[in-house]
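Participant: Based on these hints, arrange chain Y on the given structure of chain A.
Residue numbers (this note's numbering), protein chains in the order written: chain A, 71 to 425; chain Y, 101 to 966.
Everything labelled a hint here was simulated from the structure, so no lab data went into it.
Errors might be hidden in some of the hints.
[As the list claims (entries may be wrong)] Derived pair list, reagent style SDA-like, types lysine to any residue, alpha-carbon separation capped at 20 Å:
# : chain 1 : residue 1 : chain 2 : residue 2
1 : Y       : K156      : A       : S371
2 : Y       : K156      : A       : A351
3 : Y       : K156      : Y       : R940
4 : Y       : K156      : A       : D365
5 : Y       : K156      : A       : N348
6 : A       : K298      : A       : N287
7 : Y       : K156      : A       : V350
8 : Y       : K156      : Y       : V116
9 : Y       : K218      : Y       : L270
[Said to hold, decoys possible] Quick partial rundown of chain Y residues pointing at chain A, CB under 8 Å, derived from the structure:
#  : residue
10 : M126
11 : R130
12 : W135
13 : M138
14 : F140
15 : A144
16 : R147
17 : L152
18 : F167
Small disclaimer: the values here were computed from a predicted structure and weren't measured.
Note that beta-carbon positions come from the ideal geometry of N, C-alpha and C, so glycine has one too.
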Amino acid sequence: MAETPGATRAEGKSDGRAETGARASSAAAAGRLPEADAQLYLHPQTLARLGSLELRAKMIVEGVMSGAHKSPFQGFSVEFAQHRPYVPGDDLRHLDWKVYGRSDKLHLKQYQQETNLDLVVMVDSSGSMDFGSRSFGEASGAGRTASPDGRAYWSKFDHATAVGAALSYMALRQGDRVGLVVFADEVRAMLKRSSAMSTWRQIVGALSTQPVDRPTNFGRVVDQTLAKLTNRCLIALVSDLFIDPEEYRSALARVRHRRHDMIVMQVIDEQERTLDLNQVAPFEGLEGEPRLRVDPRAIRSAYREIFAEHLETIERITRSLGFDYQRVNTHDWLGPPMAAFMSRRNAQIKRSKFG
Amino acid sequence: MNFLHPGLLAAGLACVAIPILIHLLMNRRRRPVRWAAMRFLLEAYRRQQRRLLIEKWLLLATRCLIFALLAAALARPVVGSFFGPVGGGAPRTVYLLIDNSLTARLERGEEQALERHKRTAREVLTAVADARPGTVGSGGAARVSVVTLASPAEGLVTPASADFEAVARLIDELTSTDARADLAGALSIVAEQSRADRAAAGSSALPPPVVVVISDLREGVFDATDSAALSAAMTVGSLPVGTRVLVSTDGSPADAANTAVVSVEPLRPIFFAGGGTSAAQVVAQQVRVALARSGGGTDATTVRLRLSAAGAVEGDGPSGSAVVRWNAGQQSAEAVVTVAGEMTAGQSGAVLRARIDDDSLDADNWFVRPVEVRQALRVGIVAPRRFEARVRADRLDASQWLRLALTAAGEASTSAAGGVEVVEIDPAAVDAARLSALDAIMVTRPDLVADASWSRLRLFVESGGLLMVFPPSAATTHLWPDQLSQTLGLPLSAPREAVVVGAGGGGEQGASLRLAVSGARGGAEDGGGSAGDSAGLLNIIAGELPELLRPVRVFRHLPPQAGGADLDAFRRGVLMTLEDGTAVLWASAMRADAGQAPAAAGNGGERAGMVIYCSLAMDPAWTDLPARPLMVPLMQELVRQGVGAARPPTVFAAGVFPLAAPLPRRSVELVQIAGASSAGAGDRSAGRGGSRAGLDAAGLGARIMVDPLTGAARTPMRHAGLFRAIDDAGAVTAVVGVNPDTRGSRVGVQSEDAVAAALARTLDPSDGVGAEGAGGVLAVTFFGPGDRAGAVGTAERDRPDAAAAVRSVFGQRAEDSALALRLLIAALVLAVAEVGLARRASHASVTGGTSETVGDVLRGERGVAA
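Only chain Y is shown next, with the shape it has when bound in the complex:
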């Protein structure tokens, strides 16, 4: 049993000493009474001795008990809840999980959901402080820990604190973010902290924690239909046995409809500028924009989409717009917008800004993507140089075929389609200086590349370059694939000798090519996040590829094979095969070392660099591809798309540790050059202007340190914005865009029943609420204002407020009062009994006063005389 006012209890218990003191004072030395009939007094005492003794101690015990009961009643006893130890004195920890993720920006009236959450948190805090149980001598008070849900979940107040005022101040300073909710991370923090508390306490008698989730738990926060995902995301076991989960949700949620800009993907990752005047360059690029709808508004409607490409800091640039029509029930849409116009000459980068009309959640109505603007790509071909001026077509070697293919539109073309500059590099002269100026390298004589050169090629790839490798036709034994796969860490191997295709058949010599299954699918569905993102390389020419592939014949090749055990990774990289399924073209995006990547990087942010392996030597003895129409578009697309795909990512979702720049281009910090959109009116007007969609000047200049080992920011970025990566020399290495995580902006309302069941399934291994000893969640209680009438699958019900919900855990106040009242009544009954008992024990009665008065007087006189 605990007490709300332990001080009163201590004072009351001290008052128990009063009757004891009186008892002792009664035994103080008094003037003796001389008595003649002592023998009769002794005899009477002997007869009554036992009764007197009993009455004496009974009276003393009754009086002490009266004081003790009064003290207990005044101290407001609190009976320990059924799942907590009673009177153990150990502090109970209340974890406040406050949702400050994207959906917390949802407004009702003029108030954001986050403000409501903060108000609820303060109410809970007050209720906990009010119902805080205390125990005499042990100081067992409740403590509060605050964890924010915005990804990655962060312990704002961990370990728990008993300074409620400070906690309230921290809660007041909470701001909403653009990140999704990380409920699993928050629960992991709770589980880990609980485990640490128990370890520190040194006993398992610590009361189980109370987890108060203050969130509307819309679909973006926690998908009740996929509780397994939440369970799998829990990094630290389950919650302690008997954990009580209180969930504060909006009792009458607004039927919000939200449209979010999910992604902005230019068809070509690198913009090519050409034409125009000396002051401005003409840009015309197609950009694919993905939109998603959530919430109640799924009727047919239209959304206006504006897109602009301008400098990272200032200046107007090419723009475009489109109207997206939504059919009823449609939840995702895609639009391809052409961005055309002039932009300032000489700029190496631009930022694509997409913006749609305002809706219930403005934060995800925009998207920024930094893009690279180039006039031409520089491709190096590693092959021995030939000094013949004019060579016949049948005597052209592989490097010459490739040069022809890449420069078919004219070397260093100034057209909007962009050109390619080709640089020949001798295999013996592969040095870092040469490589640093190139976007892609084609190696036609890998057998001549030295070991050191392979290492330089690896650095080139890791810094975001594209490496294409072709087998040499001149070699009969191919040992270089081993060096390739070992140096670059590719799941690849190749036979020592070339394989003759169709040699055993009696029909037409050779075999035709066909597109691999993964290549046909394209990379849009994958989101470009897996190893198979190389599949998007041929998306633009995918429609014409079957016709272009048909005439190509292959006579021999050095087929790539899966090296090691990672067969899936190999299969995902296959772009093109022979008819028999043997891989011909294989591509793989490089991955950063898993040990160096930040744990929460995600978002496909590890990608930098790409390797493409072609099993065909550009030699008529191997294939007639160089002479076929496929050659030019194939090589052009591989180079253009490959260079873009090899570039390090520049777009991240809020809540991750963004990669500032790939190694070895080390960045030391990220400087914010444009802030995230807030819900302010000024920002809305800027958004309607279109040029600065979704970005404002808030937070400009903020600097985030970058981990030099991983190249990722040291702190997660929960707010969207545009950042410039700076190296230690102050040079800009990259521009990074952080966008709202639209996975967390789904505003659909979930029924409380489904949420409760999913939470219980997720957090309780026994798969049942209330199961004893099985661990995990004991009960899920919803509280908050209003009734969730009309919510899906949820009947109208009475919802306790925050104080009542907390009292349900810490002991009902009404029960406390009843207990205190019962103690008070017991004390009064005992007091009445004490009066009777004292009267009986003392045998006091009204007697005539004459003799007594005379006797008293005389006794005093006699005493003087004695």
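Here chain A stands alone, though its shape is the one from the complex:
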């Protein structure tokens, strides 16, 4: 089980930072942890949309087929892949005697093994995720105008929670195991992988009570996470990725090296993409950046250019390492882009296997 959110919140307060997230402040004011409610983050329409989707890994992952759900390749659970020359020490049970008979050479028969999926959802809870320009009531669709901790806006972390919940839902529905890593400058919370359906509520609960106030140290978080993963997994990274591209590349390269698969869901807010503000005001960062007084109209163009360049860089890096990348806007409904992404990904996997 993961460490408790309360402990994490205590860490955040003992960190001594002047700026703490609204979420943590409101939670502290309430005197108790907000009640986790998955319905706040997954709209019924989104759930309905995700019901027909499945989450597959691109590569073979290690694991034991324990799920009760049906595989789309039922009957071919052990599937031939290729031959290779025998070397001493190989299991003789895998020798292809037919080939030996025909060619008098020893070859082993290798099989592609169909197994269940271990999904690790990594959700960014750094301070920059506590930003949003969409109303909570409109984005949630659950009939509430404010979050449990009192916020009226739908933050990127809320959206990331929704994304994580959706992915977990899909995996759990397939019978796969799902784990959770919540991180900022370090891993702040972790749920062990489990295929029990109750895991989904645990994941949503953990996310909804997580303070969002710290800076990001992505490389450290990746190292900490990889150290915990003993088998190859499908890692779903949900973050705004306002980090150094080189640091990001280095971290993803290590993931790739460990032969994990990865889906990168970059969450951005529409307003931070457009900088659609018209009054001079002091801007203060959410992760301890210096305050800046500027007329947003004066630097809007340059800002948009830099922002777009950063997004492209992140996407390019991600794709160059063979991972999937999806940009998620907090102002969009989660269902359609999620469905489109999954369909496209599954189609790619099929093509790579059978094409």
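Facilitator: Leaving out everything else, chain Y in the frame of chain A:
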């Protein structure tokens, strides 16, 4: 650069603070915006920082400049004229030189020239006030000084004043005078005042003054043909460098003709009354009247002249008249009028009043001259008394010869020719009481006169007496001439011993007399103003003198010689000489001490007292003159004319400090008993009546204080009139007549070109208009109504009015407007540029409002939550 409305400029410049305040207010504390993508915002700002900074300050500067330009445009900028410092803030002084002299009385229509001058002055004043440049913070306004031209020039408003309303009131109160114009004096006042202003300002950066001469500049004001006289009359250097002279003249001057009574001179300065009844005395005297014409009317014409002699205050008296015929082109004339009739008995004085027909300038059509009326002259002969009853002719001494000569017509005669009473005074008994009752003293034994007596004789002469000195025949060594010249201050000396005439020659003994050159010329041309005025003493008998001189023989004499260095003064006094040119008869009018005389006295007014030196002793051993026919007329004329010439002057031209009475008869004040003629109709009717020609009751009773040291009035008399000098006991010491100064009544029109050239030559040492750094006048600009078409030598030209002329100095209003307009356009262009610049700097654009609206709302909510 100066501004017409410095207040607006200050207010506008204060408005420059508006964009600065807005800029500062924009920096006020606002609610911060929490922003996630701060790293990108910082990076964008870092990339745009330099541009943003430039745009920010450029925008602020543009906005400030817009307000500044608007303020400058509204404040009506005035570019400093090319000769003045720009924006120095020092006040420019405008000197208004207003002509209120005699020619300012010239009328055109019903309006006097002075009224026109005053109107022009007010226009100039308004123009100066309107164009008055001001500077922010320095209060550099134009100031105006007013100087009247009537002699002596007077600073009516000096130092200059910025209270234009008060100046206008003073100008309105100006009246015309009977004095001539004193342009040199006025310019001297300007130069002196400018120098004082610069000294007070402590720097030479003071803008040069503007001199506005408001005068028709007729010949009587300023003779353009004799600019050297004006230059010489300037008592205080030249005008400051760059002085601009504006001259307002009558653009279309009337072709006026003016005839003036220049002088009234009785042939005998003292009227002798005799005969008649007990209530009235018969007077019959000849009076010479000089007239002068000026202006355009030089055709042949006639002028009627009326002359009367009456009491100073009232009463009719003898009168006469004459018709003066003028030939074409004749400019001066002289008429001798006999004044005959009865006047009230017992009067010691009368006033000769001359009047001619009215013309364009009435003020100078009359003349007054107080004259003394006597029944006999009292002559004292200083000589030892002889008690012999009857003496033979060959044993008569000098005093007896003189008595005989003086009383040839009968002692104390009552005839109109007048008689002479002779009083013998012992040389040891020359006291003040005896002398005060005498008109003349003849000293035949100067060697017996004591030192104290010489001093009393000096006082006698200075009080207006005649002193005749003859060498004593009895003395062999003559020391007395030294005492004479020293005591009386005469430029005279004499040899110690008598000179024998013709002693070395083989022919006839002795030498004959002849009239000296100066004596032959007479005193009329000189005007009696120089030391040689003694030459007029023998004018009446000048025609017969050659015949009378011929038989006179001189055997020895004590010739007068020039003493000291003043040879010219000595020569001017020689009346009669021997054939070899040696002086025999020498006369000199006394002069008041130069240190005591008022500086502006002039007019020959210093004369009082006369000394006549005869080198011949009335002794047969010296000359046979006593026995010749010349003796009686010579002595009679010397006494009669000499007494008159020794009297202090009683006639002055307006504009001088008249001498009330010679010392030691101290007068304390002058009381006006008849005023000057004004141009009123009532006065004209009085003038036609003849008895009160040119005088009216205006100003009667006015009292002018007299300086007890000099005997002259403390203030100059610019108005003509008749005055009575009063001593501290209230007794009348003299009657003084002040007449219009006919030197200033010449109405001839001068061309502007000649006037401008003469002014420039006079006032600019570099002898050139526009010369830089040479000092003096920079330019002479004529302005005023109309074109001076037809004026001599002046082409028709456009003449600016007063406002335009002033603007030419203070900066053209049209140029001001153009400058203001240019500033306004520049401000508008900058405003348009500011809009573009602001739009570019803010990167404002029309965007969809949805996200922005939601964002704004949420930002506010988030802020509340935070």
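Participant: Now look at each hint and say whether the structure bears it out.
Facilitator: So, going through the hints one by one against the coordinates:
1. Y:K156 x A:S371: 17 Å, holds
2. Y:K156 x A:A351: 16 Å, holds
3. Y:K156 x Y:R940: 11 Å, holds
4. Y:K156 x A:D365: At roughly 11 Å apart (the allowed maximum being 20 Å), D365 (chain A) and K156 (chain Y) satisfy the hint.
5. Y:K156 x A:N348: Satisfied, since the Cα-Cα distance of roughly 17 Å is no more than 20 Å.
6. A:K298 x A:N287: 17 Å, holds
7. Y:K156 x A:V350: 13 Å, holds
8. Y:K156 x Y:V116: 16 Å, holds
9. Y:K218 x Y:L270: 10 Å, holds
10. M126: 6 Å, holds
11. R130: 5 Å, holds
12. W135: Interface hint status for W135 (chain Y): holds (4 Å vs cutoff 8 Å).
13. M138: Holds, about 3 Å.
14. F140: Status holds, d = 5 Å.
15. A144: 4 Å, holds
16. R147: With Cβ-Cβ at 5 Å, under 8 Å, it holds.
17. L152: 6 Å, holds
18. F167: Status violated, d = 22 Å.
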